[in-house]
Structures are given as structure tokens and as C-alpha cells.
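S.K.: Spelled out from the first residue to the last, the chains are:
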Amino acid sequence: MIYFDNSATTRVSTEAAETALRYMTEQFFNPAAAYTPAVRLEKEVNAARARLAAAFRADPSELIFTSGGTESNNVALSGTLAARRDKCRIITSAVEHPSVYEPFTAMKSEGYDVVFIGVQPDGRLNEKEFSEALTANTGFISIMHVNNEVGAINDISSLYRIAKEKAPNAVFHSDGVQAFIKQPAVNCDMYSFSGHKLHAPKGVGGLFVKRGVRFAGGQLGGGQESGLRSGTTNVPGVMALNAAAADYVKNREEYTERMFAVKKRLFENLSRIRDVRLNGPAVEDGAAYILNMSFLGVRGEVLLHSLMDKGLLVSTGSACAARHRGKNRILNAMGVTGERQDGAIRFSFCPDNTGEEADTAAQLIEDSLNILRRFRRR
Amino acid sequence: MERVILVRYTEIHLKGLNRPFFEAKLIENIKGALRGIHCKVHREQGRIYVTEISEDRFDEAMERLKKVFGIHSISPALGVDKDWNCVVETAFSLMEKQVAAKPDLSFKVFARRSDKNYFMNSDEINRELGHLVLEKFPTVHVDIHKPEVALSVEIREKAYIYAEEIPCANGMPVGSAGRAMLLVSGGIDSPVAGYMMAKRGLNLSAVHFYSYPYTSERARDKVVELTRLLSAYAGPIRLHLVPFTDIQMTIYDNCPDKETTVIMRRLMMEIAEKIAVNDGARALITGEALGQVASQTLESLCVTDDAVSMPVFRPLIGFDKDEIMDYSRRIGTYDTSILPYEDCCTVFVPKHPVTRPEVADIRASEEAVDFTELVEKAMEETETLIVKASDPKLI
Numbered sequence: 234m235i236y237f238d239n240s241a242t243t244r245v246s247t248e249a250a251e252t253a254l255r256y257m258t259e260q261f262f263n264p265a266a267a268y269t270p271a272v273r274l275e276k277e278v279n280a281a282r283a284r285l286a287a288a289f290r291a292d293p294s295e296l297i298f299t300s301g302g303t304e305s306n307n308v309a310l311s312g313t314l315a316a317r318r319d320k321c322r323i324i325t326s327a328v329e330h331p332s333v334y335e336p337f338t339a340m341k342s343e344g345y346d347v348v349f350i351g352v353q354p355d356g357r358l359n360e361k362e363f364s365e366a367l368t369a370n371t372g373f374i375s376i377m378h379v380n381n382e383v384g385a386i387n388d389i390s391s392l393y394r395i396a397k398e399k400a401p402n403a404v405f406h407s408d409g410v411q412a413f414i415k416q417p418a419v420n421c422d423m424y425s426f427s428g429h430k431l432h433a434p435k436g437v438g439g440l441f442v443k444r445g446v447r448f449a450g451g452q453l454g455g456g457q458e459s460g461l462r463s464g465t466t467n468v469p470g471v472m473a474l475n476a477a478a479a480d481y482v483k484n485r486e487e488y489t490e491r492m493f494a495v496k497k498r499l500f501e502n503l504s505r506i507r508d509v510r511l512n513g514p515a516v517e518d519g520a521a522y523i524l525n526m527s528f529l530g531v532r533g534e535v536l537l538h539s540l541m542d543k544g545l546l547v548s549t550g551s552a553c554a555a556r557h558r559g560k561n562r563i564l565n566a567m568g569v570t571g572e573r574q575d576g577a578i579r580f581s582f583c584p585d586n587t588g589e590e591a592d593t594a595a596q597l598i599e600d601s602l603n604i605l606r607r608f609r610r611r
Numbered sequence: 502m503e504r505v506i507l508v509r510y511t512e513i514h515l516k517g518l519n520r521p522f523f524e525a526k527l528i529e530n531i532k533g534a535l536r537g538i539h540c541k542v543h544r545e546q547g548r549i550y551v552t553e554i555s556e557d558r559f560d561e562a563m564e565r566l567k568k569v570f571g572i573h574s575i576s577p578a579l580g581v582d583k584d585w586n587c588v589v590e591t592a593f594s595l596m597e598k599q600v601a602a603k604p605d606l607s608f609k610v611f612a613r614r615s616d617k618n619y620f621m622n623s624d625e626i627n628r629e630l631g632h633l634v635l636e637k638f639p640t641v642h643v644d645i646h647k648p649e650v651a652l653s654v655e656i657r658e659k660a661y662i663y664a665e666e667i668p669c670a671n672g673m674p675v676g677s678a679g680r681a682m683l684l685v686s687g688g689i690d691s692p693v694a695g696y697m698m699a700k701r702g703l704n705l706s707a708v709h710f711y712s713y714p715y716t717s718e719r720a721r722d723k724v725v726e727l728t729r730l731l732s733a734y735a736g737p738i739r740l741h742l743v744p745f746t747d748i749q750m751t752i753y754d755n756c757p758d759k760e761t762t763v764i765m766r767r768l769m770m771e772i773a774e775k776i777a778v779n780d781g782a783r784a785l786i787t788g789e790a791l792g793q794v795a796s797q798t799l800e801s802l803c804v805t806d807d808a809v810s811m812p813v814f815r816p817l818i819g820f821d822k823d824e825i826m827d828y829s830r831r832i833g834t835y836d837t838s839i840l841p842y843e844d845c846c847t848v849f850v851p852k853h854p855v856t857r858p859e860v861a862d863i864r865a866s867e868e869a870v871d872f873t874e875l876v877e878k879a880m881e882e883t884e885t886l887i888v889k890a891s892d893p894k895l896i
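Sequences listed follow chains A and B, in order. Counting with the numbering used here, you get residues 234 to 611 for the letters of the first sequence. Counting with the numbering used here, you get residues 502 to 896 for the letters of the second sequence.
No lab work stands behind these hints, which were simulated from the structure alone. There's no promise every hint is true.
[To be verified] Computed cross-link-like contacts, DSS-like style, restricted to lysine-lysine with a CA-CA straight-line distance of at most 30 Å:
1. K889/B / K567/B
2. K543/A / K878/B
3. K775/B / K567/B
4. K894/B / K560/A
5. K822/B / K560/A
6. K435/A / K894/B
7. K560/A / K759/B
Keep in mind it's a predicted model, so treat the numbers as computed, not measured.
Go ahead and model the full structure; you've got the sequences and the hints to work with.
M.R.: Here's what the structure looks like:
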């Protein structure tokens, strides 16, 4: 089996899994308990917090552990709005993950002035439109770092500077689920990430909240995470995340290079097939680990199932949107429509993928297309 | 005090000598629908009574009965001692709820007495209880022609008192009319078509064609789930899942492009008919509506009918899409029907299907290819499931 759907989730690394097991079966204590083994465990969690924070050039006190990307994205918005009472303007992009897009949409009916900014044909934010939308009463901004469907990379630090000039009171959040550690750290007020995109288990992630940002936090209870996110600390998850992240930090350059090589090789192979189009940024401009291509004349879903049967797992878009009907919101915003949208497939890689897999995958795709395109509407 | 459910049926009353057969079938179906809930079901004087219902599942029993075809309406009733004071108190308690909802309601007392030894006759009960209710609730008034609330009292071995009549699914008891084979695609129409024919008393078998690997496992689960939702009305359904990819490939390789859809439908009908015979079904049911798409023009329907000798029931033939969607929402299949998975009919679609096919042309195109072995193979590889309402929800 060739797994090219690493943006949906990744295989948990052996080291991360063994770490989790150890903290489930041996060091299983509640780190908030009073006895010494628990106190030691709390220290380990905080050491992990410090290491993860360092990877984002942040202070450990600025990192809140959560259940993952969706919770982080939701609470970034709700916790910021709860800390300021006015019905301010809130700004996001048209191509965000549903865990940002849906909460923003819901805020419309709460009376907030919600603005969705369009994107360029390659999937990056339209900066002019963004700049024009910024106002003094803008309270919250959320712009994704790396787009999960096409791999477009936004220059978050630069957008942050623009935002601070024109909307100094706004809190600037970025969804970094597809970028954390894989991309160089950026400057912003809040940043979400998730463990399972980095070979850690599902159910653990985090939210960076820059010191001084007014943030009311999320769920109430025992006051864990500095009172901003109550709930018993997910020690096995956090420690496994720590292990997986440490490996990624250490090898980032090599991993990026390897994934870029796979991406380029697959792209070159596929470019030889007729009627294939690249969606999103040019291959070297996008993330090393996401490639989105359209195969004209076939439906993405049909091609996906055909490839699955041959042992290649890919996706037609975000797994979080696969159960939703209708057109692809992200490709629509990029102006990728019609036959090209119908035939879009996302390939996403991890450092374990190889060039040989890229060759085999391209061959399988060509075989499938040869069958499916026989039935093309003549 | 005991809570019981009184079940009324209507159309069955029109039956003559066959009436006991229909009544027995209805009771059997009611027992089937209430399986797993402790209760007793018996018939008495043109009514069916469900008694000794486990108290914590009373509402569930009511919900399940609403989906049993052949039932006109049900009433949740209170069974109490025949002592007059007890009857009056119970009637008051029922009226209290109704008056709280609408203080100036109109009502009438409707008494029936099968215990002829009771100390009052029906008319006396009507007058006396009506009088007491008017005294107790001064805001209400009597309307004996069109009352908003019919406060009913039945004096039998116990007194049964009720004030509500809940309309149900009507129709004929499932199984009283034989068996037919429903072609299910996974869309909005076919479950509604199945519902309508089950409502006329048919037992259902169902057949679905899928194009593995080009259609998803979820598309298959969706069809199983739609069948499960339908079985809440129709009782257990035998669902046949037929692998159809090879046949589709062969059609598309060998037949004129614009005829592929109609030939595909003919082969589906042919296979459905063969399975129907094995299942003891005597007709086919489809969700087609005249003119909805190219394959549902009059000419196309004639060509599809030509592939089989069984009657083909199309209960939605005169319905608009909007009407079918309304029905689908009402019976609870809509939300599942619109889940967005490709099905075997959308995987390979010609851009310009023929809208006015001629039987002779289509037969000629079809005869150019030998489908016999492929059809046999598809039937051999068909998977059959018995789908019941009590199965776990799949998607």
C-alpha cells in the first residue's frame, strides 16, 4: 500500500506510540495530583511544553495543550471574542479549514461583521483585499499558514505586520495545522497545531497565545493549562507529541528535502500524462508535502476508488469535507471550476514516502486513467 | 391505572370474507413492529388493543405503531377501575392537559359500553360526564358535531379513557398483497417508491447495483441504511447487492455511447426480475417519474419495460421532484438520500443520452453483445442481506 494522504493524518511513529504506551501503563498518574510521582510527571509535561514552545520560538507559558486543531481553532475565536464584548469585525479567508470557516460563519448570526477574503489563483491570500478590509474595529483575524488542500503558503509574519498597522486592536490567529514545525516559525498572536499531522496520535494538539493577548480561554473546570483549558492533561498524547515533534525538529531540513523530491518526481511523472493540470502554487513554491492535480475527463471520487483498489490511497480534498455535498469551496475560491474541479486529487506526503512510490503511483494513475478515460464522454 | 394503546384500522373494514386474513396480518405486523418491547396485542370488536406495555417504553411503542401500515390512528388510553368516581377523576386528568393547551376548547363525551351490566348506559355516561366536565372546567363548551376533543370512555372489563387520536400511516398491512422487488439506487426517489408500495400491502425485496471499486464503500452503506429506514415501515427487507462493473464496462466498450444508459437500465431490470423470481416476488418497483431525466421519458420507459415480463410499478410516475422530496422528508429517508457519494449510475455517464429510444434499435445494439455469462456471474456474486429496522445505523 502506498499512502499519499498524510494531510488527512499520518501513521503514528513507533517512538511516539511507545512513548504513549509508557505514559498509559507506567507513568499513568494525574499530573495534578499531590504525590511525588505525579509532581514529577507534571514536570515532564512542562519540559515537553518548553521543547514544543521553543520549536515555535515561544515561551512555554504561551502554549496551551488542546485536543487538536479543531478545538484550537474554535477556542481561538470564541475565547478572543469572549474577552472583548463589542460586535467587532472579524476577518478570515475563503479557503480556511471548516474548523475556522464554520465558526466564523456562525458568528454572522451573532451580529459580528464577518468578512471572508478571497485568494489568488494559486491559493494564497489576496493581500490587497485583505489590507483593504482591515479597520480600526477589527477584533479578530484568522489566516491559515499552509492550505490543506493545495499546499499554498501564506507569509503570515508579513500579513501580521500589515494587520497590526491598520487594525492594532485585532488579535491575529493562524491555523498552523498543516505547517507547525514543517515550516519555519512565524510571528502572530495565536497559532493552532495538531499532533496527528506529525506522526503523533490523534486527540492532542495545541494553541499558542502570545503573552498580553486578551483571551478568555475555553472549557471551565479544574483550572488546568493556566485556567484557560480545563480537563485532565492528556499526558500520553502530549508526551507522544513531544517525541514525534522532537524527531521532526531535528530532521526538518532532511525531511523537507525528501518530501520535495517525492512531490517533484510525482509531478514530473504525472505531467507526462495528457490533460493533467496542477492546482495551487508552482511545485517549488508550495509546501513540500502537498500536491493537488486535476485529471480532466474523470471524476476525482471515481479515480480515488480505482486507485484504492490498486493500493494507492489519496483524497479528493479535505477529509473533513468528504462527507459534505456540493462543490469544493477551496477550489471554487481559487477559480478552479467545472471539469477541472471534478477531477481534482490531493496527494500529501510524509518523510517515509519514497521516489519509487512516486513512480509506482504515477504508473497506477496512468493505468486507471487508461481505463476510466475509455468511457470518457465522447 | 394502566396505560394502553388503542389501535384503529379503516380500509380493512371494507373487506368482506377476507377480513379475518387482513386482521390477522395486521396483528402479526404490529407484534413484529413491537418486538423487543414487552406488551400484549389482542383484537376485540373491530379494534386492536396493546396492553401490559413496559411503562418506560410506552412512547417508543407509540412511535413504532405510527409506522405500521394498515393502522388508521392510535390513542394512548388510561385503563382504570370501572368505579364511577375513578372514571370521572381520570377523565378530569386528561381534560386538564387539553384545557391547559387551549382553555376555550370544544369537546364531547363519547361513551361505549360493552359491559352491559354497567349501571349507566352509553347515553347516560355521555350526559353525566359531560355535565361534570362543564362544571369542573367552566371555560370549555360542548360541540357534539365537530368537537376539538373527543373525550372517550369505553366500559369493558376495565374502563378505558382517552382524549387524543393520533393519525397513523394508513394503507394495508404489509404482506397482505404479496411481494415485489424494489430497485434502489441510493437517491431520493426509490425509498419513497418502496414506501408507497409497502403501504399498499406489499412485502419488499430490494436490489442495488454497485460499481466496485469505482463507487465507495460508503455508497453501499448508504443503500443499506436507506433500506433499514424503509424496513421500519415495510418490515424486514431482503436486500441484494449486485456487482455491476463488468457489465457496465462491457456496455461502454461495445454499445453506442448515447444508448449506454438505457441498455444499462434494461440489464438492471433483467437481473432484478431474475432475482425477483427466486425471491417469490411478482412485480418490480422503481422510483421513476415521467420526464425527470432522459431515461425516464415515455419512450425510455417503454424500452426498459420491454426487457422484462413482470409488471413494473412506478408509484411516483406522476409526481414532481419537489413532491417526492417532501415525501422523502416525511418518511425520514431524505437526509440519508442526499449524502454525496457517486453511485453506479453517475460513474459513467454519456453526455448526450438518447431521449427517444426505439425498442428495435436498442434490441439490435444489445444483441450485438452476449451478456449471458456476465449476467450469470453478477448473479453468482450477488450478496444478500436481511435488513431490519432494529439493525444498527450504518452511516
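S.K.: Please go over all the hints and tell whether each is borne out by the structure.
M.R.: For each hint, the structure was consulted:
1. As the CA atoms of K889/B and K567/B are separated by approximately 17 Å, the hinted pair is consistent with the 30 Å bound.
2. Between K543/A and K878/B the alpha-carbon distance is near 22 Å, which keeps this suggested pair within the 30 Å criterion.
3. In summary, the hint linking K775/B to K567/B is not supported, as the alpha carbons are separated by about 34 Å, beyond the 30 Å threshold.
4. At roughly 27 Å between alpha-carbon atoms, K894/B and K560/A fall within 30 Å of each other, so this suggested pair holds.
5. Of the supplied pair hints, the one linking K822/B and K560/A holds, its CA atoms being roughly 22 Å apart against a limit of 30 Å.
6. In summary, the hint linking K435/A to K894/B is supported, as the alpha carbons are separated by about 25 Å, within the 30 Å threshold.
7. Taking the CA atoms of K560/A and K759/B, the gap is about 27 Å. The hint holds against a cut of 30 Å.
The structure fails to meet hint 3 from the earlier list, while all remaining hints are met.
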